[in-house]
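Trainee: Model the placement of chain B on the given structure of chain A, informed by the hints.
2 protein chains.
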Amino acid sequence: MKDAFNKIVVSSRIRLARNIAGLPFPQKLDGEQAFGFMKKISDLLQENGSFKACLMSQINDIEKRALVEKHLISPDLAKKNRYGAVIMSQDESISVMLNEEDHIREQSIVKGFDLQLAFQKIKKVDQKIIANVGLAYDDKLGFLTSCPTNVGTGMRASVMMFLPALTKTGKIPALIKALEQKRMTVRGIYGEGSESEGYLYQVSNKISLGFSEEEIVEIVSNAVEKICQMEIDEANAIFNANKIAMTDRIMRSKGILTNAYVLSTQEFFERFADVKLGISLGLIKCKDVGRFDDFLVGVLPANLMLNKGSAMNETERDLYRASYTRENLNKILN
Amino acid sequence: MKDAFNKIVVSSRIRLARNIAGLPFPQKLDGEQAFGFMKKISDLLQENGSFKACLMSQINDIEKRALVEKHLISPDLAKKNRYGAVIMSQDESISVMLNEEDHIREQSIVKGFDLQLAFQKIKKVDQKIIANVGLAYDDKLGFLTSCPTNVGTGMRASVMMFLPALTKTGKIPALIKALEQKRMTVRGIYGEGSESEGYLYQVSNKISLGFSEEEIVEIVSNAVEKICQMEIDEANAIFNANKIAMTDRIMRSKGILTNAYVLSTQEFFERFADVKLGISLGLIKCKDVGRFDDFLVGVLPANLMLNKGSAMNETERDLYRASYTRENLNKILN
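As given, the protein sequences belong to chains A and B, one line each in that order. Going by my numbering, the residue at position 260 of the first sequence is 260; the numbering climbs one at a time, nothing skipped. Going by my numbering, the residue at position 191 of the second sequence is 525; the numbering climbs one at a time, nothing skipped.
In isolation and in its complexed conformation, chain A is listed as follows:
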């Protein structure tokens, strides 16, 4: 089952919001205050050499946008040139934003469906910070945060899911409504703002107060499992209703992704959704679903440009996206 779910869940993320005791929230900080705690956290995390620090004021727009596309920083942080920073582990599975909405936002993203692993990873970072930095904490409320919805555990557990079948059959609105009632949020992810990327969704807990971290992980995991099963059932139903046409469509999309010379973001995501469905239905074999999902970030504009090492206009990107896709997709599909 886990394996089937991993074909639907792209990544699992835990985020913890933390603030320094006795300091105003970031929007009211002055430079001295901001840089003071930034240096402290940065030195603390980098002391064993496995983290790298990155000041928003010192990287260019393409680099910023690439970090946003990878979900390592938020679009808001990218805009904060003065005091914003991110400290990332070398493998980029952990990133700690400084001076975003809160002083500290610790995050761990892992591939596939494994909130528990992401939680274990970020817990280590969190424990180190708690042990070394005085954080704003209230015995009754828990961690204090800039926005009241984060007060308590300061935790958001979120899972990125690829749901082409539920999207195509129009079942997402009802799903959103049902999850809202269970205090969960579902939102579409649009890396480049394109409609056709609309098969990607983030499912997360809405509030972080009144539950333990472990409970939140469990609540979100249970919901995600149910959504995975719905997507699988829906995909099978669509497939069984028209096996030949669906197989043809899926296999053609594979043929086009592995051969085309020009690929727009929009077409890429349409074809990608077909192939992902094909993998999920067992029509296409994929050696490494994690690497397949890497395309979801790899084909976005800034990551393409960073990969190529130069700025590109849209036409150039469509060509490069196609060659990038051909080269990397053939290695993992057969």
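Warning: the hint list may mix true and false statements.
Said to hold, decoys possible - Below, computed lysine-lysine pairings styled on PhoX-like, alpha-carbon distance capped at 25 Å:
{"no.": "1", "chain 1": "A", "residue 1": "K70", "chain 2": "A", "residue 2": "K287"}
{"no.": "2", "chain 1": "B", "residue 1": "K642", "chain 2": "A", "residue 2": "K243"}
{"no.": "3", "chain 1": "B", "residue 1": "K336", "chain 2": "B", "residue 2": "K457"}
{"no.": "4", "chain 1": "B", "residue 1": "K619", "chain 2": "A", "residue 2": "K331"}
{"no.": "5", "chain 1": "B", "residue 1": "K577", "chain 2": "A", "residue 2": "K308"}
{"no.": "6", "chain 1": "B", "residue 1": "K457", "chain 2": "B", "residue 2": "K502"}
{"no.": "7", "chain 1": "B", "residue 1": "K374", "chain 2": "B", "residue 2": "K458"}
{"no.": "8", "chain 1": "B", "residue 1": "K457", "chain 2": "A", "residue 2": "K331"}
{"no.": "9", "chain 1": "B", "residue 1": "K445", "chain 2": "B", "residue 2": "K540"}
{"no.": "10", "chain 1": "A", "residue 1": "K285", "chain 2": "B", "residue 2": "K665"}
{"no.": "11", "chain 1": "B", "residue 1": "K665", "chain 2": "A", "residue 2": "K287"}
Stated by the list, open to error - Here are some chain B residues the structure puts well away from chain A; computed CB gaps all over 12 Å:
{"no.": "12", "residue": "N340"}
{"no.": "13", "residue": "E381"}
{"no.": "14", "residue": "F385"}
{"no.": "15", "residue": "E548"}
Just so you know, these hints were derived from the structure itself, not from any lab. Because the structure is a prediction, the values reported are computed rather than measured. Where a beta carbon is used, it is the ideal one built from N, C-alpha and C, also for glycine.
Mentor: Structure of chain B alone, referenced to chain A:
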């Protein structure tokens, strides 16, 4: 150059029309007369075991249609159940029709552009027949045939060419006109009567009187070389005018042919034309152009059914055509 021309010329064929002296032409033969010379020719050709005889009255419609698709017999012979027959070499490079328009129609087809080879092959068969059978021959006119256009050498030298570039740019009508003036004929080949097969043409001599066999081979060969060069120039011109869009189209067609699950004859030929152009332009590598050209016959209805070993309706054929194409095309393209 020869190699480039072989990517355009699918096959080369020499046909010789012969008739038995003292017998009425086939349409006026009675059974005793017909079977008499049929047995003689059949025994003569089969005496060393490398030929097989096939009576039209003894094979089913699918088998007949498959022979027509392979150009081993004419549609007219397929209709003649009573006295029609064909004697073919095991490799099918030589076929001798009996009781078609003439008593004997000897034919050799070879892959690629090599009328000389086809001529050498059929000459051996012809010499054997001349040495053993009394043929209708006039010292002044040459071989006598049912239709006056074949009188003389009784020879038709024809070349099957794939001309997508000249077709798409509308240059075929002018080409036909120019060749008519040189007493040559160009006609489109429609294996299944589909418009989209319209990239295939047969170029041949119009009359067989007044030239030696060698001269006819040379005249047709020279014309074909010129047409090949025109097609190459035209293909390069189209390609250079829009390299990106053309490459994209060609590569997508390759991707679809090697992956699709359903392929109509019409779509097959459209995609095939793109890939053939891609091979000709050097964009796609093909290990064996001869085997690639085999698809032109292999995907036709009767040959598909013969290959599968059972009758199929159109929907079933479209599925089988796709699997046949996937399986065989991947072996020769890379």
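Trainee: Evaluate each hint against the coordinates.
Mentor: Hints, verified against the model:
no.	hint	result
1	A/K70 <-> A/K287	holds, 22 Å
2	B/K642 <-> A/K243	holds, 22 Å
3	B/K336 <-> B/K457	holds, 23 Å
4	B/K619 <-> A/K331	holds, 19 Å
5	B/K577 <-> A/K308	holds, 22 Å
6	B/K457 <-> B/K502	violated, 38 Å
7	B/K374 <-> B/K458	holds, 17 Å
8	B/K457 <-> A/K331	violated, 53 Å
9	B/K445 <-> B/K540	holds, 22 Å
10	A/K285 <-> B/K665	holds, 19 Å
11	B/K665 <-> A/K287	holds, 22 Å
12	N340	holds, 25 Å
13	E381	holds, 51 Å
14	F385	holds, 43 Å
15	E548	holds, 46 Å
Violated hints for the displayed structure, listed by number in ascending order: 6, 8.
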